Each structure stands twice: as C-alpha cells, then as structure tokens.
Amino acid sequence: MIINIGRPRLLRQVRVFGKLFALNLSTSFTYRGEMFLWQVGNVMVPLISLFVWQAAIASGAQLPTTPRYLTAYFVLISIVNMLTNSWTAFYLAEQIRDGSLNRYLCRATSTHVDALANNAGEKVVKLILLVPMVVVLAAALGDRFDLPDQLWRWLLAFGCLIVAAVMTWLLDVMIGSLAFWFADVNGFLRASEVIVPLLSGAVIPLALLPDALHGLSQVQPFRFLVSFPLEVLLGEVQGGLLVGLGWQLGWLLVFAVAARLVWRLGIRTYSGAGA
Amino acid sequence: MSVRHGVAVARAVLTLSLVREAQFRAQAWTTIAVGVVEMIAQVVPVLVIFSHSTRVNGWDVGLVIAIGGVAEIMTSLLATFIAPNQAKMTDYIRGGQLDLLLIRPVAGQPFAALRWVQPAEAWGVLTGTALTIIGLTASEVVIRPGGIVVAVFAFLIGLLALALVWTNLGYLAFWLTSVGALGELFSALLTAGKYPLAFFPRAVRVIMVSLMPLGLATTVPVQLLIGTVRPLLLLYGLGLLVVLVIITRLVWLAGMRRYSSASS
Numbered sequence: 001m002i003i004n005i006g007r008p009r010l011l012r013q014v015r016v017f018g019k020l021f022a023l024n025l026s027t028s029f030t031y032r033g034e035m036f037l038w039q040v041g042n043v044m045v046p047l048i049s050l051f052v053w054q055a056a057i058a059s060g061a062q063l064p065t066t067p068r069y070l071t072a073y074f075v076l077i078s079i080v081n082m083l084t085n086s087w088t089a090f091y092l093a094e095q096i097r098d099g100s101l102n103r104y105l106c107r108a109t110s111t112h113v114d115a116l117a118n119n120a121g122e123k124v125v126k127l128i129l130l131v132p133m134v135v136v137l138a139a140a141l142g143d144r145f146d147l148p149d150q151l152w153r154w155l156l157a158f159g160c161l162i163v164a165a166v167m168t169w170l171l172d173v174m175i176g177s178l179a180f181w182f183a184d185v186n187g188f189l190r191a192s193e194v195i196v197p198l199l200s201g202a203v204i205p206l207a208l209l210p211d212a213l214h215g216l217s218q219v220q221p222f223r224f225l226v227s228f229p230l231e232v233l234l235g236e237v238q239g240g241l242l243v244g245l246g247w248q249l250g251w252l253l254v255f256a257v258a259a260r261l262v263w264r265l266g267i268r269t270y271s272g273a274g275a
Numbered sequence: 001m002s003v004r005h006g007v008a009v010a011r012a013v014l015t016l017s018l019v020r021e022a023q024f025r026a027q028a029w030t031t032i033a034v035g036v037v038e039m040i041a042q043v044v045p046v047l048v049i050f051s052h053s054t055r056v057n058g059w060d061v062g063l064v065i066a067i068g069g070v071a072e073i074m075t076s077l078l079a080t081f082i083a084p085n086q087a088k089m090t091d092y093i094r095g096g097q098l099d100l101l102l103i104r105p106v107a108g109q110p111f112a113a114l115r116w117v118q119p120a121e122a123w124g125v126l127t128g129t130a131l132t133i134i135g136l137t138a139s140e141v142v143i144r145p146g147g148i149v150v151a152v153f154a155f156l157i158g159l160l161a162l163a164l165v166w167t168n169l170g171y172l173a174f175w176l177t178s179v180g181a182l183g184e185l186f187s188a189l190l191t192a193g194k195y196p197l198a199f200f201p202r203a204v205r206v207i208m209v210s211l212m213p214l215g216l217a218t219t220v221p222v223q224l225l226i227g228t229v230r231p232l233l234l235l236y237g238l239g240l241l242v243v244l245v246i247i248t249r250l251v252w253l254a255g256m257r258r259y260s261s262a263s264s
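If you read the sequences in order, they're chains U and R.
FYI, the numbering used here numbers position 162 of the first sequence as 162, with every residue one higher than the one before it.
FYI, the numbering used here numbers position 215 of the second sequence as 215, with every residue one higher than the one before it.
Certain hints may be false.
As the list claims (entries may be wrong) - Pairs of lysine-lysine, DSBU-like flavour, derived with a Cα cap of 35 Å: (1) LYS88/R x LYS123/U; (2) LYS19/U x LYS123/U; (3) LYS19/U x LYS88/R.
Rather than coming from a laboratory, the hints here were simulated on the basis of the structure.
Only a predicted model underlies this, so the values are computations on that prediction, with no experimental measurement involved.
Excised from the complex, chain R in its bound form (with noise of 0.2 Å):
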C-alpha cells in the first residue's frame, strides 16, 4: 500500500467519524459539556494538595496543573483515536468480524487500529491545552519557541508509545477470551499521568518511564519546558517507540498466525 493510498483512507476514515458525530449532534454536545466538567475534577484534587503545602518534591501548584492539562489532551487523542478500536478488538476476533476488515484493500493492521474515531473526544485537547496555559502561567514559566517544539515532540513519542502498548493489550484477544477489561484498566491507570514522576515511588516511576510510559507522555514534556530535563531524553523515547512499533508489529502477525474466522 502506498502512503498517498494510506492517506486517503486516512481521510476517508476522518470525514465518515465527522458526518457520523453530525448524526448524533446532542451526544457531541454532551460529551463537550461533560468534558468541561472534567476539566474542573480534574483541577480540584491538585487545588485541595496545594491549599495544604506549597510545593511538593520540588513542583509548585501552577506545574502540576500544567501536567495536568497535558494529561487531558494525551486521554483526549487516546480516546479519539484509540479507546474505540480497542473497545471493539474481542468482538473483532471472536466474532470473527476481522475478516472484513482483512479483505479491504487498505493495510489490515493500521485499519484495524483505527478505523473508529470519535470526534467529539477531541474537546479534551482544547480543555487540556487551556489547562496547560494556564498552569504555566501561573509558575510565571518563561517559553521559548524551540521549547514548544521539543516539548510537543516529546508528547508525540510518549502519546504513540502509549497507544502502541494500549494497542498491543487490544492484540491479547487472538489468545484471551476477551480482553474488554484490560482495556478498562488501561484507562483507569491514567489517572497516574496527571501527576509528576516525582510524586511516585522509584519503582512506580521505572514503570512509568517504560512499561507504562505516562512520565514521558505528561511530565516530560512539561520538563522540557521549564528547562529541568535535557533534549537528550527523547533519544531514550525514539528508542523505546522503535522497540514498541517492532513489538507490535511482532505481535499482529503472530495473532494472524492464530486467527481463524469464526464467521466464515
């Protein structure tokens, strides 16, 4: 498959979600609303830490709200682009329903990874990014243009590395029953990115740098900012996205290998 033809599926998948979301308006309504709502849940325990104390292992009030927000845009895209593909991935292989997927002329494994989006996911970024201004703001933090730029990259990595072991948890279903509640814990797991590395335990934060990669999704970039990590860290990043992207791709053929339709 070319990229040219990668890209117009891409569209295509892209103005179906769109037209799809215009069907279901008041649910896209709601799921803004709601989103505002979170937005302020998500402020109110670091608000309720920060009236007790004024810094906390080295980060103050405005920082951690920076992180924060910077979670809330990494849920947002992983619930625009990935949380519907993966939710769908048991029904994919058990059911069988893979194999209308395989005889598309599109290249299987990135349609299957996203060929459902959900538009309305997205407001997380435009909430998330405020947040991230704001927090930054408020710790009076000078930004270079070339920060911005670093840390939006870093973001990247971190964002693609946790949506490839997201993606890999979804692949668990050629073996297991079912793998919806995996899935289910994956989200509730991140919780822990709105938060500093700092905050957590060294092994958590080994963890977090690695398995779970959510430190270099959230707290990193934010690093990278305020000038507290060297650039030199995202060469650590690009390495564990190249071990992940082999990872997955290892594991995808070793899952077709196994599959057999059920449905034909």
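One chain only, chain U, in its complex shape (with noise of 0.2 Å):
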C-alpha cells in the first residue's frame, strides 16, 4: 500500500505522521542510554579512519585533496552517516515475512508512513546526542580543519542530506520488499552493510579514489548518500555542483520509481499467514 496523492488522504497521512512522530520520539528517549552508545560508536570508527589517514599524510603521502579537508570530512561524517541512515528493511522484511504486516493493509495510513515517523523520531534524538560528540571531537582538533562560513553552503547541504536521506529510505524499502520473494533477506542486508558505506565514501572519501575510478565513482548512485552533501558543504565537489545537484535529484527520482514498482509487485504475491 503507497500513499494516495489526493490531497484529503495526504493530509491525514501527515497528521498520522505527526502523531506516529511524537510517539517514537518518547519511545526513542526511552532507550537514549543505548542511543548514546551507538553514537559513541559512530563517532569513534570515522575517528580511526582519520588517525589512519594522518599517518599517511605524516609518511609524506600525496594526497588529491588537502589534509583540512580530510579532517572535517571525517569530523563530520558521523552526522551525516546517521542522518542519512535507515534501518527500515529488516523491520520491513519481518513484517512480510511473519504476517505482520496485515494490521497495516486494513488501516487508513501505511507501514511507510510509520517508518518514516520511526526513522525521523529516532534521528532527532541520536542528533541530540551525538552533536556534543562531535563539538568536543571538533574542538579536539582544533584549528585543524575548517567549516564553510557561507550560509547557502550549509542550506544546500542540508537539502541534500534530506534527498540523501530519503534515497537511503527507498534503497532500504527495496531491500526489504525482497523478502515477498525470499525466506531469508539478511544476506541481502549484510552485502548492503558492507559494499554501500564503501561506495557511499563513508568508509573512504570518494576524493581520494585513484584517478581511473574518479569518473565512475561521481555518478554510482551510493555517492549521493553520505558523501555528496559533505562535497557540497565543505565546497569541493567532484565534478562540478549543478551537475552533482542534477545527477542526485536523477537518482532520486530513479530509486523512488524503482522502489514503488518493487513494493506494487510484491504485495501482489503477498499472502499474510496469520498476525
């Protein structure tokens, strides 16, 4: 079931958003000592990256990007890669497989919506705690990297974390629609957790790739989760802004067809067994 667009049933869809998203940020707050945890951890592995590539900058590597640059890359990251996150297909995928997913087939909004309200209430309250981690990291670091004072920067960057966000969103409700046809979709998700933080620069920055990979890796689609907005923001983008801007917005509108037409013909073959 995808929302209907008639302006009626989108605005009960966003006072059902509404409501969803006030539930899930007390329930998030509920399990904020774990949250800060998760964060810690999203701060620290960006953190080894970075001591990794200052030793290579130390050991005279020559690097296509400055070692400012780098060190906000990797300061900021962790803000971006938990933003941009989206933890949607496993739950997607046990809602098809153990029958759940009925008590949303016979209500009046969809299990996306209460996705997207789970996904945004639990993103504020990661925000909440990981931006003083980050605060303390960057004050750390000191005057070793630096941030772009320019407020169109930081808006366009914003707008496309957003896109990135929701495109993040769609890959995972694909990757969750495939358990309509598989028993099992953890191997589908442990591929996904391996192969698209590295081609997303979550794990590299894309910048540093060798030259014979640059042109492929400005336009693979995982670019424009996680490091695209960071290109934008701190102003070194690969190819050029508009045509990143275009490239991104294409992808979008690409994942969302691609995942409405995947859901549309699984739920075709759905049979609820039970729940």
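Quick one: dock chain against chain with the hints and give me the complex.
If you want it as structure tokens, here you go:
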C-alpha cells in the first residue's frame, strides 16, 4: 500500500505521521543509553580512519585533497552518516515474513508512514546525543580544519542531506521488499551494509580514489547517499555543483520509481499467514 | 567438573551448532558469500591508502594487508564463539533465563559464555588466512616455522584477551538494564585492528595493547613473523591474559551474588 496523492488523504497521512513521530520521539528517549553508545561508535569509526589517513599524510602521502578537507570530512561524516541512515529493511522484511504487515493493510495508513516516523523520531534523539560528541571532537582537533561561512552552502548541503536520507530509505524499502520473494533477506542486508558504505564515501572519501575510478565514482548512485552532501558543504564537489545536483535528483527519481515498482509487484504476491 | 566432562560438553555444543546450521543452509551460504564481499571491502581502503604512498610509518602495503587478514581471522572467531553469546547476555539476566543454564550439570560461567556457536561465521578464518598469505607474499617476507608458532601463540593470547574484555562487558548486564549496545560498540571498534599500531597516536596505542588489546591480536603476530619485535613481548601478553582471567572470574562471582532470578 503506497500513500495516495489525493489532497485529503495526503493531509490525513501528514496528521498520522505527526502522531507517530511524537510517539517514536518519546519511545526513543526511553532508549537514550543505548543510543548514546551507538553514537559513540558513530564517532569512533571515522576517527580511526582519520588517524590512519593522518599517518599516511605524515609519511609523505601525496593526496588529491588537503589535510584540512580530510579532517573536516571525517569530523562531520558521523552526523551525515547518522542522518542519512535507515533501518527499515530489516523490520519491513520481518513484517512481510511473519504476516504482521496485515495490520497495516487494513488500516487507513501505510507501514511506510510508520517507518518514516520511526526514522525521523529516532534521528532527533540521536542528533541531540551526537552533536555534543562531534563538538568535543572538533574542539580537540582545534584549528586543523575549516567549516564554510556561507549560509547558502549550509542550506544547500542540508537539502542534499534530506534527499540523501530519502534515497537511503527508498533503497531500504527495496531491500526489505525482497522478503516478498525470499524467506531470508539477511544476506542482502549484510551485503548492502558492506558495499554501500564503501561506495558512498562513508569509509574512504571518494576524492581519494585513484584517478581511474573518479569518473565512475562520480556518477554511481551511492555517492549521493553520504559523500555528496559533505562535498557540497565543504565546497569540493567532484564534477561540479550543478551537475552533481542534477545527478542526485535523477537518482532520487530512479530510486522512488524502483521502490514503488518493487513494492507494488511484491504486494500482489503477498499472502499474510496469520498475525 | 572434570576436564573430560568439559570436553564432552564442548563437543555437544559444537555438534548441536553444526546441526542447527545445517537446518539453515541458505543462510550459511549467504554468510559465506558476504564473507567474500567483506574480504574485498577490507582490502580496498588499504589499496587506496597505498595508491598515494609506498610506505606508511614503516609499513608497506603487503604487511598492512597481512594485518587485515589476521584481523579478519580475529573478527571471524569472535563472531563465531563470543558474539552470539554476548548478544544473549542481557536476555539471560533480565529475563531470568540464566537459571536454565545454572541448574545444568555443567560449569556455569564457560557454558554461559560459549553455549551458542555460529559455525558459518568461521568462514572468515579461511578468507583471513588467504589475505595474510597474500600480504606476506607481496611483502616478500621469509617465514620460518618457528616464527609461525610464536605468531599463532601471540594471536591466541590477543584473541583470548579480547574475548575476555567482551565477556566482561556482557557481565555488566548484572548491573545495567541492557548491554546490547556496548557489544555493538565493541564490534565497531574492532575496525582499528585492521591497521598497524604504528598508524595511531601514542595514547591510542596504549589502549590497543591494554584495555582493548587489538594490537596484541593483529599487529604483534605479524611483527613476530617479520622479526621486528622480540618474543619476550609474549610475557606481557600472558600477564595481561592472567589479569583478565582473574577479573572475569571476580566480575562473574560479583554478578552471581547480585543476580536474583526473574523467572522463578
């Protein structure tokens, strides 16, 4: 079931989203201890990468970007990673597998509205916990990196971040929907957990890839999930800003159409076994 | 409990896990396929770093790949034997399921720590060994049989030390509501083991050979193979292991005193 576009229905879905968002926000606060630890991990892993790259620079590595860009990238990536993250696929696959999707099919809303509200609600709590850690890290690194002072760059990067978050969520809907045809989608999930961070720039800034891979890395869709918002913010967009924006919006469209298609095909094959 | 009894229990646990894995064959194959993808993903960052530099703090690309291979073996063994049990520790203690382990005619602490095994995760031992051999060959390291024995011994010390640290984090469930996230944080930090100790600042290196002894499990075995550290270092590792064994026992006993079954 996908939200119908008719205005009264859209307004009703927005109201439902608001209620579910508030509910998820309060539930997420209950798990603030766990979320705090997750955010520590979120900061520590890029920090490990930063140490490794600083060692390479200290050993005379000739990088195609500046050490200051690299430091800013690894300091900010924890926030971008968290805000663009999605965990819908696992729960969606579970609903399809155990038949609990049924309860959404007979309600006047969709499981996707619930998933989006859960995603947004948790992220608000995670952001509250993560930002102080990043501020401490930034303070510890002192003057080793620069942040842009143009407001338009921050606003544009924020817009790209929202698009990236939607794209990641759509990708998750596609992976989770595979449960319509496969009894176990954990393999797909684990594969995506390895491949997506690598291609999105979450593990290595894409600007550091060898020249032979630059062309491909600039147009592949995963770049626009993590790397691109940071490139926009830090003012080093590979291939040009306008071209990049065009690619991101194009991939958003492709992801949306593909997710809708996979979901619609899947829901036709679905037969709830209970719940 | 006699050693013979302990061995019989270990054999039963392993057999049961293999039977369980055979029931979920598709999942086992998926784990193996993803393991190959993970191996490739592990090498890519190293290759990218060394596409910009021939040596980093005295380490060449082959040796760093070898360390990545050893780290893969370490992660894989921890995922096979330790992670599935630590993931259940909160439920054991909060839900009172620990009762069912304690009333069995087996030693409670090792049984709770090693009851569940995920054999499919052990695939990483093969891919990690392959990576280690490829890395050492690329670096043209001449390996002596004695060096392999010492390196394996050092690796086992580091691995056991890490397993004990993780186990102690799991025991915090006796005092905290949930420790699942601590385990996830621990798993995330294992990433640091893929790189030589020399890549990190001094303070981080100290942590990586004491509180979180990743360096002992990954860097030190490779250093022993290439002969850049003396085997005397193993004495430190053994000392750390003994301290961790004592701490683990004491924390378990303290937890047992606090534990009040929730199910009975």
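Can you list which hints this structure breaks, lowest number first? none
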